[in-house]
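Asker: Chains as they are written, first to last, in the numbering used here: chain A, 3 to 162; chain B, 3 to 162; chain C, 28 to 447; chain D, 28 to 447.
Hints were generated in silico from the structure; no laboratory data involved. Some hints here could point you the wrong way.
[What the hints assert, rightly or not] To give an idea of the interface, some chain D residues facing chain B are shown, with a C-beta separation under 10 Å as derived from the structure:
hint, residue
1, Val45
2, Val49
3, Ala87
4, His91
5, Gly94
6, Thr98
7, Glu290
8, Glu293
9, Val294
10, Val295
11, Thr298
12, Thr301
13, His437
14, Glu438
[What the hints assert, rightly or not] Below, computed lysine-lysine pairings styled on DSS-like, alpha-carbon distance capped at 27 Å:
hint, chain 1, residue 1, chain 2, residue 2
15, C, Lys107, A, Lys132
16, A, Lys93, A, Lys23
17, C, Lys107, A, Lys126
18, D, Lys41, B, Lys105
19, C, Lys41, A, Lys105
20, B, Lys126, D, Lys107
21, B, Lys132, D, Lys41
The C-beta atom is built at its ideal place from N, Cα and C for all residues, glycine as well.
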Amino acid sequence: MNLDSLYEEIILDHYRHPHHKGLRDPFDAEVHHVNPTCGDEVTLRVRVGGSNGQGVIEDVSYDTLGCAISQASVSVMADLVMGKPLDEATKAYDEFLSLMQSKGQLEPDEGVLEDAVAFAGVSKFPARIKCALLGWMAWKDATARALAARETPRTNEETA
Amino acid sequence: MNLDSLYEEIILDHYRHPHHKGLRDPFDAEVHHVNPTCGDEVTLRVRVGGSNGQGVIEDVSYDTLGCAISQASVSVMADLVMGKPLDEATKAYDEFLSLMQSKGQLEPDEGVLEDAVAFAGVSKFPARIKCALLGWMAWKDATARALAARETPRTNEETA
Amino acid sequence: MTFSSPLDVERIRKDFPVLERVLPDGSPLVYLDSANTSQKPRQVIEAIADYYGQHNANVARAMHMLGQESTELFEGARDKIAAFIGAPSREEVVFTKNSSEALNLVANVLAWADQPHGLRPGDEVVITEMEHHSNIVPWQMVTQRTGATLRWLTVDDEGRLDLSQLDSIINERTKVVSLVHVSNALGTLNPVELVAERAHQVGALVVVDASQSVPQLPVDVSRLGADFVAFTGHKMCGPTGIGVLWGRYDLLASLPPFLGGGEMIEVVEMTGSTYAAPPHRFEAGTPPIAQAVGLGAAVDYLSAVGMDVVAAHEHAITAYALERLAEVDGVRVVGPSTAQQRGGAISLVVEGVHPHDVSQVLDSRGVAVRAGHHCARPVCQRFGVAATTRASFYLYTAPQEVDALIDGLHEVRRFFGVAS
Amino acid sequence: MTFSSPLDVERIRKDFPVLERVLPDGSPLVYLDSANTSQKPRQVIEAIADYYGQHNANVARAMHMLGQESTELFEGARDKIAAFIGAPSREEVVFTKNSSEALNLVANVLAWADQPHGLRPGDEVVITEMEHHSNIVPWQMVTQRTGATLRWLTVDDEGRLDLSQLDSIINERTKVVSLVHVSNALGTLNPVELVAERAHQVGALVVVDASQSVPQLPVDVSRLGADFVAFTGHKMCGPTGIGVLWGRYDLLASLPPFLGGGEMIEVVEMTGSTYAAPPHRFEAGTPPIAQAVGLGAAVDYLSAVGMDVVAAHEHAITAYALERLAEVDGVRVVGPSTAQQRGGAISLVVEGVHPHDVSQVLDSRGVAVRAGHHCARPVCQRFGVAATTRASFYLYTAPQEVDALIDGLHEVRRFFGVAS
Ligand SMILES: Cc1ncc(COP(=O)(O)O)c(C=O)c1O
Ligand SMILES: Cc1ncc(COP(=O)(O)O)c(C=O)c1O
Numbered sequence: 003m004n005l006d007s008l009y010e011e012i013i014l015d016h017y018r019h020p021h022h023k024g025l026r027d028p029f030d031a032e033v034h035h036v037n038p039t040c041g042d043e044v045t046l047r048v049r050v051g052g053s054n055g056q057g058v059i060e061d062v063s064y065d066t067l068g069c070a071i072s073q074a075s076v077s078v079m080a081d082l083v084m085g086k087p088l089d090e091a092t093k094a095y096d097e098f099l100s101l102m103q104s105k106g107q108l109e110p111d112e113g114v115l116e117d118a119v120a121f122a123g124v125s126k127f128p129a130r131i132k133c134a135l136l137g138w139m140a141w142k143d144a145t146a147r148a149l150a151a152r153e154t155p156r157t158n159e160e161t162a
Numbered sequence: 003m004n005l006d007s008l009y010e011e012i013i014l015d016h017y018r019h020p021h022h023k024g025l026r027d028p029f030d031a032e033v034h035h036v037n038p039t040c041g042d043e044v045t046l047r048v049r050v051g052g053s054n055g056q057g058v059i060e061d062v063s064y065d066t067l068g069c070a071i072s073q074a075s076v077s078v079m080a081d082l083v084m085g086k087p088l089d090e091a092t093k094a095y096d097e098f099l100s101l102m103q104s105k106g107q108l109e110p111d112e113g114v115l116e117d118a119v120a121f122a123g124v125s126k127f128p129a130r131i132k133c134a135l136l137g138w139m140a141w142k143d144a145t146a147r148a149l150a151a152r153e154t155p156r157t158n159e160e161t162a
Numbered sequence: 028m029t030f031s032s033p034l035d036v037e038r039i040r041k042d043f044p045v046l047e048r049v050l051p052d053g054s055p056l057v058y059l060d061s062a063n064t065s066q067k068p069r070q071v072i073e074a075i076a077d078y079y080g081q082h083n084a085n086v087a088r089a090m091h092m093l094g095q096e097s098t099e100l101f102e103g104a105r106d107k108i109a110a111f112i113g114a115p116s117r118e119e120v121v122f123t124k125n126s127s128e129a130l131n132l133v134a135n136v137l138a139w140a141d142q143p144h145g146l147r148p149g150d151e152v153v154i155t156e157m158e159h160h161s162n163i164v165p166w167q168m169v170t171q172r173t174g175a176t177l178r179w180l181t182v183d184d185e186g187r188l189d190l191s192q193l194d195s196i197i198n199e200r201t202k203v204v205s206l207v208h209v210s211n212a213l214g215t216l217n218p219v220e221l222v223a224e225r226a227h228q229v230g231a232l233v234v235v236d237a238s239q240s241v242p243q244l245p246v247d248v249s250r251l252g253a254d255f256v257a258f259t260g261h262k263m264c265g266p267t268g269i270g271v272l273w274g275r276y277d278l279l280a281s282l283p284p285f286l287g288g289g290e291m292i293e294v295v296e297m298t299g300s301t302y303a304a305p306p307h308r309f310e311a312g313t314p315p316i317a318q319a320v321g322l323g324a325a326v327d328y329l330s331a332v333g334m335d336v337v338a339a340h341e342h343a344i345t346a347y348a349l350e351r352l353a354e355v356d357g358v359r360v361v362g363p364s365t366a367q368q369r370g371g372a373i374s375l376v377v378e379g380v381h382p383h384d385v386s387q388v389l390d391s392r393g394v395a396v397r398a399g400h401h402c403a404r405p406v407c408q409r410f411g412v413a414a415t416t417r418a419s420f421y422l423y424t425a426p427q428e429v430d431a432l433i434d435g436l437h438e439v440r441r442f443f444g445v446a447s
Numbered sequence: 028m029t030f031s032s033p034l035d036v037e038r039i040r041k042d043f044p045v046l047e048r049v050l051p052d053g054s055p056l057v058y059l060d061s062a063n064t065s066q067k068p069r070q071v072i073e074a075i076a077d078y079y080g081q082h083n084a085n086v087a088r089a090m091h092m093l094g095q096e097s098t099e100l101f102e103g104a105r106d107k108i109a110a111f112i113g114a115p116s117r118e119e120v121v122f123t124k125n126s127s128e129a130l131n132l133v134a135n136v137l138a139w140a141d142q143p144h145g146l147r148p149g150d151e152v153v154i155t156e157m158e159h160h161s162n163i164v165p166w167q168m169v170t171q172r173t174g175a176t177l178r179w180l181t182v183d184d185e186g187r188l189d190l191s192q193l194d195s196i197i198n199e200r201t202k203v204v205s206l207v208h209v210s211n212a213l214g215t216l217n218p219v220e221l222v223a224e225r226a227h228q229v230g231a232l233v234v235v236d237a238s239q240s241v242p243q244l245p246v247d248v249s250r251l252g253a254d255f256v257a258f259t260g261h262k263m264c265g266p267t268g269i270g271v272l273w274g275r276y277d278l279l280a281s282l283p284p285f286l287g288g289g290e291m292i293e294v295v296e297m298t299g300s301t302y303a304a305p306p307h308r309f310e311a312g313t314p315p316i317a318q319a320v321g322l323g324a325a326v327d328y329l330s331a332v333g334m335d336v337v338a339a340h341e342h343a344i345t346a347y348a349l350e351r352l353a354e355v356d357g358v359r360v361v362g363p364s365t366a367q368q369r370g371g372a373i374s375l376v377v378e379g380v381h382p383h384d385v386s387q388v389l390d391s392r393g394v395a396v397r398a399g400h401h402c403a404r405p406v407c408q409r410f411g412v413a414a415t416t417r418a419s420f421y422l423y424t425a426p427q428e429v430d431a432l433i434d435g436l437h438e439v440r441r442f443f444g445v446a447s
C-alpha cells in the first residue's frame, strides 16, 4: 500500500510537533483509553465551559503513548474542538467517525474537519483506524463524563 | 463390505441360540460392562474353582443387551472358557484379543479358539471389534475380581 | 407414493464431491447420516483451500497485507453468520469450536456470573428429557458445582414435550431453561417460543440448542425468544472445528469470560487483567479462522438455495420417508410419526434386530445411517430402547435414496430371519 | 556475512502457495510473521480438501464406510502426533481448539480436581513474566476462583529467566508451575528440565507452553520433565482450529473432565453421568476432525524434512538476522542478542519510531512483521516498551528475506527522519 496516502505531510507534522500535549489543570473529567491490540494509550482531560444551554470545549489536554497516526490524530483533534461549542465539536467527531468507516469512499468536509481531512487515507488501512480513533474516543468519553458531572454538584478538587 | 465375512453361520447360530445365557448362582464375582458408543451392556458372573495352584473356570453366566456380534461372542466365549483351567482360558482370551486387533491379517489358531475363529472377519470391521470384545472384557474383569476375592476370606452371601 | 420438492436435487448433488463415491462393488453411496454431520459442497472446500493458499495470516493482531485480508475474511464471515440468523448485531456472534463448547460456555459463565444471573444453591436449571448429551452434561456439571438443582421436562409417547408440567417445572426458582429446538434423536421440533415465554415470565434465561434447526430451517434469533442460541458448523455444510454462540449483547456484556488468553483481553498485568467487549471476550486464542471463512461460504451456499427451500425439501423428503417406512412390517418409528412440527431425522427400530446389525446390513448396500443412542441416551431409555437406527436427510438427499433405505430394511429382515 | 543451512529453502518454498503472492506493485511477499501463524504447504491444504471431498463423516459414532474412513483418519492423526512428540501412548494426546484452550483445560481441571492436585486457598501457582497471555490469564482466573496465589519468575535484561529465585518462588506451597518453552515475544529458550526438576522436588505439576517450540525444535515430551504440554496446529504448518494437550496418562485419568457433552461420556442418565477414559474424556462434542487430519499431514511434512533440520535452519536464519540487525543504527533487540538457547522470533525497537509505524513502512515494501505486545504485555512492560516490532522465521524463510527486512529498517529510519 502506498505509504504517502497514509502518512500525509500534515500528519507527520502533528506527529513531530504535537499541539496541546501535556496534562493541564483545570479539567472536568479525565479518562484513560487503551488499544488492547497494540498497547497504545491516551490519558485525556476535558474542560467544558459555557452556559447551560450551550457547552463550550474550553480545554483539551492529553498524554499519549502511541504511533504516528494516533499521536497526530489526538493533536489535530485537540486543535479542532478546543474553543468550539459542544454541538460543533460533536459534529466534527461524527464526521471523523464516518470518514474512518468509509474505506476511502467518502470525500471529507474540510469545513468541518479542517486538518483532520488528512486522515482520509487512514480509512483504507483497517488496522490503523483504531489508532486514528483512539484520541477521539477518549475525547467523546471524557466530554460525556464532564457533562454528567455538571448535572451533579461539583464537590471534588477538580473544580478548586 | 461383504456381510457374510462378518456374520458367519456359527455367529448367527450362537446369536439365535445363545449358550449359558441367564444369570446363575453360585458365583464369585459379577461385573457390568457398557459400550458407551452404542449402549450395549453385559452383566456377567464368574465362578472360579480349583486348587490354589491352578484355578478352573467353573461357571460363566450372563445377561446381555446388544447386537448379534456381541451376543454371539459372549455365548462362544462362555462355551470356550467354561471348565478350562485358568491359564488355558487366559490364553484363549489373549488369542482372541490378538485376532481382533489383526485387521484380518492373522490366521486364528482353531485349537485354542474353537468356534471363536468365526470372529476372524470381525477384525476387518473396526466399528464392530468393541462389540465382539464386550463379553470377553467383562469375563477378564470378573475373573480378576474373583481371584482377588479368593485372596481375602469369603464372608459375603455369594458364598452361601 | 408421490414426492415433490421445490429443489432441484440432482443439480445440488453435483456440488458435493463425496456423493460421487461408490462402494467397492460399484453401488452408489447413499448418505443418510446428515444429522450426524453434513457433507460439504465444493464451494466450501474451495473457500478453505483458497484461504490457506492465498490469504492465511493470524487475525486482529497483524497489520500487514495478509493479516488485513484474513481479518476481513474472518470478520466478514461473522457478518454473514449474523445476517443468516437475523442477529441484531454482529457483536452478538461468538465463534466456538462446536455446539458443545457453546453450551458449556454458557453453563460455565452463568455459574461464575454475579447476580442476577449467577447460579447459586437453591436455583434451578431446567432442560428436557430429549436433550443431546451436550445439553445435559454441562448442566449436570455446573449444577453439581454450584449447588443448583437440575430439573427436566419429560417427553410423551409421540416424542413431544409434555407441556402440562411447564408451569410447575419452570417456576420462580428457575434461573435457566435450556432446550433443543429440533431433536437429533426424535426429530421433534419443539415450541421454543412458548417455553421461552414461560421462562421469561419467571425471569429465567433461555438457551436454545439449535444444532439441528439452524441447518434445516430459517431461524431468526430475534424472534425465537431465546437469550442464547448454539449451533455447529459441520452440520450446515460448513467445516468441523467451528460452532457459534449467539447471545443478546447486553447479556454477553454483563457476563464474565469463559477461557482466558490472547485476544479476549483489554489490559494484562501480572497482578490482574481486564477483558475485551463481546464477542472477543469469549474468543480466547487464535480463533478458527479458516473454519469461519468456510462457514461463511456455507451460509452463502445455503442462502443462495434459500433456507425456506431447504426446509421445504427436508419436509418433503421426511414425509416421503415416513410414508414409505410405514410399508415395512416390524419397523417402528421412535418420535413423531408425521412430518408436522418435525425435522428430518427419523429414528427407527426393526423388531428383533439390533440397530448395529441393521446399520451393518444397510452399510453393506451403501446406505449410511447411524446406529446407537445418538448422544441422547436418556430419551432412548424413555422409549425403552438402548439404541435406534437413525436415517437423516439434507438438501442433497434424493427420494431414490429413501427407496434404497426401504429396500435395505427389507433385506435386514430377510437376513436376520425376522421377515414374516 | 555468511549464511549456511542444511535445508534447501528454495525447494521448500515451492510447497507453500501463499509465498507466490506479490504486492500490487509486483514486489514479492516477505512473510516474517511465522511466530504468529505459519504458512501451510500444499500437502496440508490438499489433505484437508481430500478429507472433506472424499471421506467426510463424523467419527466414533458412525459405523458406515465413510464413518470408518474418517475415524481411521482422525485417530491415525492422533498416532502421528503422538509419535511426533514422543508420547509414550496415543491416549495421552488430547485434541483441543488451540493452545489457549489446552492451557485453560489444565487450569480448570486442576481447580476442580480432588487432592492431591486440586487448587485450594494457600496453594501457589507459579508462571513467568515472559508468558503469553494464554498462559497468564487462565491462571489468574483460576487462582482468583480457588483462592490460590499466583506468583512468577522474573526476567533479566538479556531476556532470560532469573533462576536465582527458583528455590524461593517454587516452594512447598507450589501446586503447579506453568512456563513457556520458547518465548514468542523474546525468542528465549527456557531451561524447562531444570525448572521441572525443582517443581517436582516440591511435588508440583509442570505445564509447558510449547506453542513456539514444537513447531521449531525436536520436542520429546517424555524427556522434557513436563506433566502437561500444550501446542497449537496453526503455528506448525497445520490448520487453525486445532491444538494439542499432551498429558501423562495416569494424571489425565485421575482428573475430572473439562467440557461436558457427546463423546466424553460413559453412561448418561438424567440424574448423573460417568465419563470416558482419556483422551476422549477431554474431547466433548464433534472434534476438529478435518483439522486433525490436516495436522497429521503437517507433522508428516515436518518429519519428512526432519525436525533437526528445521531447527538447524531456524538457528542459522536467526543468527544471520541477529548479525545483520546489529548493522542498523538505532535498532535494539529486546531479548537474547545471540542465537544460543533461542528460537526464531526477534523483537526489536527502532529508536524514535513506534512499532506500528515500523511495520507499516515494512508492509509497504511487502515485508510482513508483527507490531504490538505479542500477547505478552507484561514482558514488554518489563523492558519498558508498550510494544515491539517482531520478525519471526520458519523453514521456508530465505536469507534474502532477512536482507529485505534490513533494507526496510533503513527505509523506516529515513522515512521518519531518525537516520543520522
Ligand atoms: C507462546 C505462546 N503461547 C500460547 C499461544 C496461543 O496459541 P493459540 O492462539 O493458538 O491458542 C501462542 C500464540 O499465539 C504463543 O506464541
Ligand atoms: C441436538 C444436538 N445438540 C448438540 C450437538 C453437538 O454438536 P457438536 O458435536 O458439533 O458439538 C449435536 C450434534 O452432535 C446435536 O444434534
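Asker: List, from low to high, the hint numbers that the structure doesn't satisfy.
Answerer: 1, 2, 11, 13, 14, 18, 19 and 21
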